[in-house]
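Let the sequences and hints guide you as you build the complete structure.
Sequence order for the protein chains is A and B. Under the numbering used here, residues 1 to 264 are what the first sequence spells out, in order. Under the numbering used here, residues 1001 to 1288 are what the second sequence spells out, in order.
The set of hints was computed from the structure by calculation and includes no laboratory data. You may find that some hints are simply not true.
[Stated by the list, open to error] Derived lysine-lysine pairs resembling BS3-like cross-links, with alpha carbons at most 27 Å apart: (1) B:K1078 x B:K1105; (2) A:K26 x B:K1121; (3) B:K1121 x A:K71; (4) A:K55 x A:K163; (5) B:K1105 x A:K26; (6) B:K1121 x A:K175; (7) A:K249 x B:K1121.
Spelled out from the first residue to the last, the chains are:
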Amino acid sequence: MKPERRGFLSGLVLSTSALVLAGCNKIANSSAVDHVLTSAEAFNRRMGHFFVRPKSLAREYSRADISRFFKPNGSIAPDNPADASSTPAYRAHVASNFADWRLVIDGLVEHPQTLSIADLKAMPAKAQITRHDCVEGWSSIAEWRGVQLARLLQKAQLKPNAKYIVFHCADAIDKNDDGSPLFYYESIDLEDAFHPQTILAYAMNGQPLPVPHGAPLRLRVERQLGYKQAKYVMRVEAVDSYKRYGQGKGGYWEDNGYEWYAGI
Amino acid sequence: MADHSSNGGAAGPTHKVLVPRHKLATRITHWINVVAFVMLLLSGLAIFNAHPALYWGQKTDFDHPWLAMTATPAPGGKLVGHTKVGGADFVTTGVLGASPGVDGKPQARGFPKWLTMPPYKALVDGRHWHFFFAWLLVLNGLAYLAFGFWNGHLPKDLWPTRQDLKEIPHEIVTHAKLQFPKDERATRYNVLQKMAYGGVILAFIVLILAGLTLSPRLDAGFHLPDLFFGRQSARSIHFILAWAIVAFLALHLFMVVASGTWNNIRSMITGRYAIEVPETSEGGDHEA
Ligand code: HEM
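Listed below in structure tokens is the structure:
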């Protein structure tokens, strides 16, 4: 092949690949395309619910399976003043060992609740050794002990129009446009809320829940990915729609594009 | 059967005729599969980049990945890319571990931007692409299997016969010499082709199952990780099979080119394939 022809050809290959690459960026950034692509979420959800019964249990493991290192993710140091997720209120709770901390259960319930850690521990406990699957791909196994959410919701008694449970958290995972702290939040439907393995955990591997893992209380909703497992839970609210929070997608990561149905 | 000693072509003067080769269902599902697989590969690598390391077992032992791509800073704002496989550590700067991001600046990333969809680093968009094309691939695959059993394509054209198995040694020799029949024998898949296609169909099925295993909800219903020795093993197997299919694709493309590029591709588009048949007037003792 003549050198100039080879130059032309490699130029052609290079410029087409540059175009394809630029095109891929454009396509990937286009919201119309994203709209089509995210239609698959409904399919994920339908398949998950078609093939798996509402009360089917996530696999439980033995003590020997517990991870030596369980990777904390998201906010991991809201007790550290230098950490962006930290707030004075949360630091005060840590300083007093959560003595004044109260879990609030309200929204569409007949009997709103205010519960201390001692109140929660006085209720029948549920313990389970389960696998935590992060959306990034890794998995860790730990033992969780806490109160079944179903038990708490029965106590509070949902009103008939309650459809979702929203978890409001203490960690400032991000900032709003005006600079004010944006607190982590999550939401689940009633099928998961009343699932026997859905608990609000106050202990991990036999110890009080450590700060990086959501002290004093975190959600475990075992058939979904890690970002559903809200940490630093302050308030449990029954709602008919989660649209009025954040960007209306039902959670902090959902507002950033992740699927509300995190069963895959 | 015509004799095998000739170079595939019929003896004496021949002329070309177009014969039907691929049914419409095979052609449509084939090309949808190509698009879906390519998009799944690229978006899968974008997802991989969120945690570019693979493990065996149920849970992640962060200190012992069997495959890991990492970046270490070097003087001058540079990044050195490392790829660790088992105990070995390769410097793979520019391709694996560290490569230029969409802004051209060095970035810690497993696979480079020209192998990921989207090219910018975003797990969230990678997932959106992946799930969309995953369901397309599954529905398309089911359609392929349904048509294949219904019209007999799978049992008739793809399942090796007893005669086929006897021909394996002979086919290996002629394939190695890149000799392919041009006559009536070319209207059927040879046994190596059947095995390669059967193998890739099987690989897709296991690949899809390994992908479904990554769903915590489906795991609750089916205990899928037991099938793959754990969820992290399933993620590894999912990754390995994707690359096994890339290897199939390379061989597949090579064979398409080696045995007549345009004739093959036309047959997969229009359904018609050209073979050489003896001139009828001088047909001699050849079977038609
Ligand atoms: C991952 C990508 C691909 C996979 C998994 C794949 C798989 C297959 C399979 C299973 C068959 C047999 C179909 C049947 O008879 O039911 C086939 C045939 C064929 N494929 Fe592909 N293919 C891929 C990509 C391509 C590409 C990119 C081309 C373009 C050149 C191509 C060209 C062909 C042709 C021409 C045939 C017919 C071969 C013949 O008539 O002997 N394939 N492919």
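query: Given the proposed pairing of B:K1121 with A:K175, does the C-alpha separation stay at or below 27 Å?
result: holds, 22 Å
Satisfaction of hint between A:K163 and A:K55, Cα-Cα up to 27 Å: OK: A:K55 and A:K163 at ~17 Å, within 27 Å.
Satisfaction of hint between A:K71 and B:K1121, Cα-Cα up to 27 Å: The given pair, whose Cα atoms are some 22 Å apart, holds under the 27 Å limit.
task: For the pair supplied as a hint, B:K1105 and A:K26, confirm whether the alpha-carbon distance does not exceed 27 Å.
output: holds, 19 Å
message: Hinted pair, alpha-carbon criterion (27 Å max): A:K249, B:K1121. Please report holds or violated.
response: holds, 22 Å
field: Agreement of B:K1078 and B:K1105 with the hint, judged by alpha carbon distance not exceeding 27 Å
entry: holds, 9 Å
message: Run the distance test for A:K26 versus B:K1121: straight-line Cα separation, threshold 27 Å.
response: holds, 14 Å
Of the numbered hints given earlier, the model fails none.
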